[in-house]
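So the sequences go chain by chain: A and B.
Count along the first sequence from 1, add 53, and you get the number used in our numbering.
Count along the second sequence from 1, add 53, and you get the number used in our numbering.
Because the hints were derived from the structure by calculation, they are not lab data.
Be aware that one or more of the hints could be misleading.
If chains are identical, the list can't say which one is meant, so a pair holds when it fits in one copy or spans any two.
As the list claims (entries may be wrong) - 25 Å max Cα-Cα, derived DSS-like pairs, lysine-lysine:
1. 123 to 276
2. 276 to 262
3. 548 to 67
4. 531 to 543
5. 88 to 262
6. 253 to 135
7. 545 to 67
8. 56 to 246
9. 522 to 239
10. 520 to 262
11. 232 to 531
12. 113 to 545
13. 135 to 149
14. 113 to 67
2 protein chains.
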Amino acid sequence: MSKLLEEFQDYLSKMNQYEHVTTLLYWDMKTGAPKLGQAGHVEALTHFSTEAFALSTSEKLGEMLAGLAKPEEFDALTDTWKFIVTRMKRDFDRDKRIPADVYAAFVQTQAEAGNVWVEAKEKSDFSLFAPYLQKMIDLTVEITGYTDPGMEVYDALLDQYEEGMDSATIDGLFEDLKKELIPFVKEILLRQKPENQAFKGCFDTNGQKSVQDMLLDYIGFRKDAGSVGESEHPFTLNFSSKDVRLTNHYYEHDPISAIFSAIHEGGHAIFEQNVNPEYDNTVAGSCRYMGLHESQSRFYENILGRNYNFWLPVYDTLGELLPPFQAISLDDFYREINHVKNSFIRVNADEVTYCFHIILRYEMEKAIFRDHVPVNDLPALWNRKMQEYLLITPANDAEGILQDMHWSDGGFGYFPSYLLGSIYDGMLLDTLQEELGDVDELLKSGKIGEITAWLNRKIHRYGSTRKPKDAIMAVCGKEISAEPLIRYFKKKYTKLYQI
Amino acid sequence: MSKLLEEFQDYLSKMNQYEHVTTLLYWDMKTGAPKLGQAGHVEALTHFSTEAFALSTSEKLGEMLAGLAKPEEFDALTDTWKFIVTRMKRDFDRDKRIPADVYAAFVQTQAEAGNVWVEAKEKSDFSLFAPYLQKMIDLTVEITGYTDPGMEVYDALLDQYEEGMDSATIDGLFEDLKKELIPFVKEILLRQKPENQAFKGCFDTNGQKSVQDMLLDYIGFRKDAGSVGESEHPFTLNFSSKDVRLTNHYYEHDPISAIFSAIHEGGHAIFEQNVNPEYDNTVAGSCRYMGLHESQSRFYENILGRNYNFWLPVYDTLGELLPPFQAISLDDFYREINHVKNSFIRVNADEVTYCFHIILRYEMEKAIFRDHVPVNDLPALWNRKMQEYLLITPANDAEGILQDMHWSDGGFGYFPSYLLGSIYDGMLLDTLQEELGDVDELLKSGKIGEITAWLNRKIHRYGSTRKPKDAIMAVCGKEISAEPLIRYFKKKYTKLYQI
Numbered sequence: 054m055s056k057l058l059e060e061f062q063d064y065l066s067k068m069n070q071y072e073h074v075t076t077l078l079y080w081d082m083k084t085g086a087p088k089l090g091q092a093g094h095v096e097a098l099t100h101f102s103t104e105a106f107a108l109s110t111s112e113k114l115g116e117m118l119a120g121l122a123k124p125e126e127f128d129a130l131t132d133t134w135k136f137i138v139t140r141m142k143r144d145f146d147r148d149k150r151i152p153a154d155v156y157a158a159f160v161q162t163q164a165e166a167g168n169v170w171v172e173a174k175e176k177s178d179f180s181l182f183a184p185y186l187q188k189m190i191d192l193t194v195e196i197t198g199y200t201d202p203g204m205e206v207y208d209a210l211l212d213q214y215e216e217g218m219d220s221a222t223i224d225g226l227f228e229d230l231k232k233e234l235i236p237f238v239k240e241i242l243l244r245q246k247p248e249n250q251a252f253k254g255c256f257d258t259n260g261q262k263s264v265q266d267m268l269l270d271y272i273g274f275r276k277d278a279g280s281v282g283e284s285e286h287p288f289t290l291n292f293s294s295k296d297v298r299l300t301n302h303y304y305e306h307d308p309i310s311a312i313f314s315a316i317h318e319g320g321h322a323i324f325e326q327n328v329n330p331e332y333d334n335t336v337a338g339s340c341r342y343m344g345l346h347e348s349q350s351r352f353y354e355n356i357l358g359r360n361y362n363f364w365l366p367v368y369d370t371l372g373e374l375l376p377p378f379q380a381i382s383l384d385d386f387y388r389e390i391n392h393v394k395n396s397f398i399r400v401n402a403d404e405v406t407y408c409f410h411i412i413l414r415y416e417m418e419k420a421i422f423r424d425h426v427p428v429n430d431l432p433a434l435w436n437r438k439m440q441e442y443l444l445i446t447p448a449n450d451a452e453g454i455l456q457d458m459h460w461s462d463g464g465f466g467y468f469p470s471y472l473l474g475s476i477y478d479g480m481l482l483d484t485l486q487e488e489l490g491d492v493d494e495l496l497k498s499g500k501i502g503e504i505t506a507w508l509n510r511k512i513h514r515y516g517s518t519r520k521p522k523d524a525i526m527a528v529c530g531k532e533i534s535a536e537p538l539i540r541y542f543k544k545k546y547t548k549l550y551q552i
Numbered sequence: 054m055s056k057l058l059e060e061f062q063d064y065l066s067k068m069n070q071y072e073h074v075t076t077l078l079y080w081d082m083k084t085g086a087p088k089l090g091q092a093g094h095v096e097a098l099t100h101f102s103t104e105a106f107a108l109s110t111s112e113k114l115g116e117m118l119a120g121l122a123k124p125e126e127f128d129a130l131t132d133t134w135k136f137i138v139t140r141m142k143r144d145f146d147r148d149k150r151i152p153a154d155v156y157a158a159f160v161q162t163q164a165e166a167g168n169v170w171v172e173a174k175e176k177s178d179f180s181l182f183a184p185y186l187q188k189m190i191d192l193t194v195e196i197t198g199y200t201d202p203g204m205e206v207y208d209a210l211l212d213q214y215e216e217g218m219d220s221a222t223i224d225g226l227f228e229d230l231k232k233e234l235i236p237f238v239k240e241i242l243l244r245q246k247p248e249n250q251a252f253k254g255c256f257d258t259n260g261q262k263s264v265q266d267m268l269l270d271y272i273g274f275r276k277d278a279g280s281v282g283e284s285e286h287p288f289t290l291n292f293s294s295k296d297v298r299l300t301n302h303y304y305e306h307d308p309i310s311a312i313f314s315a316i317h318e319g320g321h322a323i324f325e326q327n328v329n330p331e332y333d334n335t336v337a338g339s340c341r342y343m344g345l346h347e348s349q350s351r352f353y354e355n356i357l358g359r360n361y362n363f364w365l366p367v368y369d370t371l372g373e374l375l376p377p378f379q380a381i382s383l384d385d386f387y388r389e390i391n392h393v394k395n396s397f398i399r400v401n402a403d404e405v406t407y408c409f410h411i412i413l414r415y416e417m418e419k420a421i422f423r424d425h426v427p428v429n430d431l432p433a434l435w436n437r438k439m440q441e442y443l444l445i446t447p448a449n450d451a452e453g454i455l456q457d458m459h460w461s462d463g464g465f466g467y468f469p470s471y472l473l474g475s476i477y478d479g480m481l482l483d484t485l486q487e488e489l490g491d492v493d494e495l496l497k498s499g500k501i502g503e504i505t506a507w508l509n510r511k512i513h514r515y516g517s518t519r520k521p522k523d524a525i526m527a528v529c530g531k532e533i534s535a536e537p538l539i540r541y542f543k544k545k546y547t548k549l550y551q552i
C-alpha cells in the first residue's frame, strides 16, 4: 500500500468518527432525548457536523484526493478504492464550494426545523412550521447554487437522491402511471368494500412491538447488527453494516401501521446489513441512492408483505402475540392490507393510491423550486391537489402538508424515490420469478430466506458502488419502465376486486 | 467580563461538546447499540475521549487557568467562576501528569471490560473477566501514581470519589456499624419470617415499566428533562440538569428489584435535575461526590421508599398498573421490602444487611490495592468474606464477585460511597424532621413534594460547589457519625421484628 493511500485511510478513519457521533446525536434526538435536552444535542450536532464538514472540505483532503487520482497512484488501487477516490473527489469538488457558515446554518436549521415540525404537527398549525420551511428552502436553493452551479435546482436535488434521474425521465414514468392508474382506481372504487371495523379496536402497543420483532426476524433483520427505537415517524439509519437502527411508531387503534412500517424499515435495514462489510465507513458502503433504497423497503413492504402467501407461515403467531387477530381471518386481513381507498396519510396508503401521494409531492416540489409558489400558499395547493388526485380534502394541516418529516429535514427531491422504488420493484419481481420461480410458492412454503438471499446477492452487497440505472440493467437487463409495476397492480387488484 | 474569561468560556464550551458525545456514546452502548455495533462505538469513544483529554490537558488551558488564578483576574470573578477556576486548576495540574497513551488505554480497556463483564456474568465465568480486571487494576495503579504521587493508592481512590474521605475515617465509621449491626442482625434473624411466595409469581415487565413511570413522577423526576432506558445494570448519567438519563432492568419474577432501582436511580436523577442550572456544563454542576450522590438515591430508596407511609397514597395505583399486587396487602408488601435476610446480591439486599455487602467490597478493595492479592484469588476471598459476614457462600461467580459492573468500569473506591450515603441519610433524616416535622406524617399525607423541595434547597442546588463534609456540616451542623443511621435501623426494625 502506498504511503499516500495509508495516510488517506487514516484521514477517512478520523472523518468517520465525526460521522459516527453526528449519526448517534441524530438517533438519540429522535428516539431518546427529553424535550429540554434537545438544545444540548443541537449544539453538539452543530459543532461536530461543522468539524466533519471542515474535514471533508480541507485542503489536505483535496491534496490527497488529487494525488490519488494521478495515474501512478490510481492504477495501483483496487477497484473498491478506485471507486472511493473517484466518488470522493467529485463530492469534494462540489462540497468545497459551500461556505462553512452556510453549511453550519443548514445543519442547525435542520435540527430546529425537525423539532418545530413535531410541535406544528401536534398542534396542526402550519404557521409554526412555515418560517422554518422557508429557511430550509432558501438554504437548499443557496447550497444547490454552490454544489451544482448552472443546473436547474430541482433537477440537481433529484440527482442528489437518485443519481442519473431528472424530472424529464420522471415525468415520463409518472405520466404512464397516471394514464393507467387513474381509470383503474376508478374501477376499483366502484367495487369498494365497507370499512372493516375489526381493525379499529384496541391493539396493545406492547403486543405490536412483539409482532414487529417477530416480523423483523422473519424477513431477515439481524438483531446482533441492529436495534429498534420509537420515534414520531419511522426511519432507518446506520453506523455501518454492523449497526443498523430502525424506528417505529405504535398506534393503539391501528395495528396495520406499525406492522407495515416495521416491514418497510426492515427492508431498508436488511439492505444496509448486507452491504459488503469491506465497504463499511467509506462512500462505497451504505447505499446513497434513495430510489434504490426504497425499492428494497417497498419490495418487502408491498411485493412480499402485502402478498397473501407471505402471511400463511406466520399468521397464527401474529394471533398469539396480538390476540385480537385471533378473531380476524387471514382473508379479512389480506383484504384490509390491500384495501384500495382514497386517504389522507401517505404512510398508511395502500400501494396503488400511494402512487398519487408521491405524484402530488413531486408536483408540490416542482411548484416550490420551479414556480416559486410562496410557502404560505403551499397548504392550499396541497389540498387542491389532494382533491384532484384523491378526491378528498384534508380537514387540517396535520393530515395534510404537515404529515411528513422530509421537508423539515431538507429532504426536497426525496419523495419521488419512493415511487421510483416501486417502479424498480415491478422489474425486480419479474426477474426474481424468472430465476427463483413463482413468488407465491416461495412465500407459501416459508422460503422468504431465499428471496432475501437473492436480493442480498443481486442488490444489497453492492452498496453504493452501482448507480440505480446500472443496477437495474445489471439485474434485469432492461431500461427502467413503469410497465411491470402497472402489470403487477392490474393482475393483483383485478383478481382481488373481481374487475 | 475580561477577554481572558471570555476566551476560557469558549474553550469550556468546546470541551463540553466532547464530554457530551462521550456521554452519549456510553449511554447508547449500555442501552441501545447491538452487539456487533459495540466495536464502532468503542472506537469513537476512544477517539473523542482522547480528544477531550487533549483539550483538558493542553498548554493553552494551563495558561488560561494560570492567568485566571492571578489576583488581578481572580478577584474580579463571581464566586461560581472562582470555584470553577480553582477546581479546574487543581484537576489540570493532576491530570496533565497522565500520559495521553495511558489515558487512551484506560478508556479503551474500560469499554472492552464493560462488554466482557456482561458476557462473563451471563456465563458466570470469572476467568473471562479476570484479565480485564487485572488490566483495569494495573491502569488504575499507574494513573494514580501520576495523579497523586506519594499518596497511598487506595486513599487516593477514595478521595477521588468522596473528597476529604480516607480509609482511617471510613474504618472508624464502618467499625461502629459492624459493632452494633452484627449482633442486631442476629437478633433479627432469630425472628426470621418465611419467604412470601406471592413475590415469586409472574409480574409483566411492561406493567413494571408503568409502575416505574408512576413512581418516578411521584417522587419528582421530570420527564421533560430526563428519560429512562434499559440496561444490564441500572445507572444514571446526565448531560446537564436539563437531560438526565436513568436505566433499569426488569425481572419477570422479581417486581421489587425494578421498583427500588427506579426509586434509587430516580434519587440520583432528581439531584442532577435540580442542580443550579447556571452551573450546567462546568465543574460546579453535576455532583462529583459519590457518597453525597448516593445519600440522595438512598434517601429516596430507603428512608422514604421503604417507609410504610410512602406507599399509602400510591399503593392502589400500583395494583392497577401491576394487577398481581391487588392480591398482596400493603402490610405484606411492607414486610417484604424490609425483609432482613442474608443474601447474595447487593442491589437486592435489604437496607440493613446491605451494610455488610459494602463493608465486604471495601475490604476487597483494600486487599487488591493494599495487600496486592492476585486477581485469580479474588473470587475465593469474596466467598470467604460472604461466609464471614453474611453466613452464606455464593454458588457461582455471577451471584458472587461478578454481580457488580463497577470494577469493569475502573470504579475502585466507589463502593464505600453507598454506605457513606446511608450514614449521611441518618443525619439528614434527623435534620429534616427537626425542620419539616415527622416524616411519617409528611409521607402519609402525600407531601413527598415538600421533602423533595427541602432536599433541592439543602443539597441538590449546590451541585459540586460544596464538599460532602461541608455540605453535611452546613445542613446538619454536626460532624459525620454513624450513630443516627444505627438509631434509625434499631427503631425501625425493633418494631418490625418485635425485638
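Tested hints:
no.: 1; hint: 123 to 276; verdict: neither (43 Å within a copy, 56 Å between copies)
no.: 2; hint: 276 to 262; verdict: both (14 Å within a copy, 22 Å between copies)
no.: 3; hint: 548 to 67; verdict: neither (56 Å within a copy, 63 Å between copies)
no.: 4; hint: 531 to 543; verdict: within (21 Å within a copy, 85 Å between copies)
no.: 5; hint: 88 to 262; verdict: both (24 Å within a copy, 20 Å between copies)
no.: 6; hint: 253 to 135; verdict: neither (55 Å within a copy, 62 Å between copies)
no.: 7; hint: 545 to 67; verdict: neither (50 Å within a copy, 58 Å between copies)
no.: 8; hint: 56 to 246; verdict: neither (69 Å within a copy, 74 Å between copies)
no.: 9; hint: 522 to 239; verdict: neither (32 Å within a copy, 80 Å between copies)
no.: 10; hint: 520 to 262; verdict: neither (35 Å within a copy, 46 Å between copies)
no.: 11; hint: 232 to 531; verdict: within (22 Å within a copy, 87 Å between copies)
no.: 12; hint: 113 to 545; verdict: neither (56 Å within a copy, 70 Å between copies)
no.: 13; hint: 135 to 149; verdict: within (21 Å within a copy, 43 Å between copies)
no.: 14; hint: 113 to 67; verdict: both (13 Å within a copy, 23 Å between copies)
Against the hints set out earlier in the document, violations occur for numbers 1, 3, 6, 7, 8, 9, 10 and 12.
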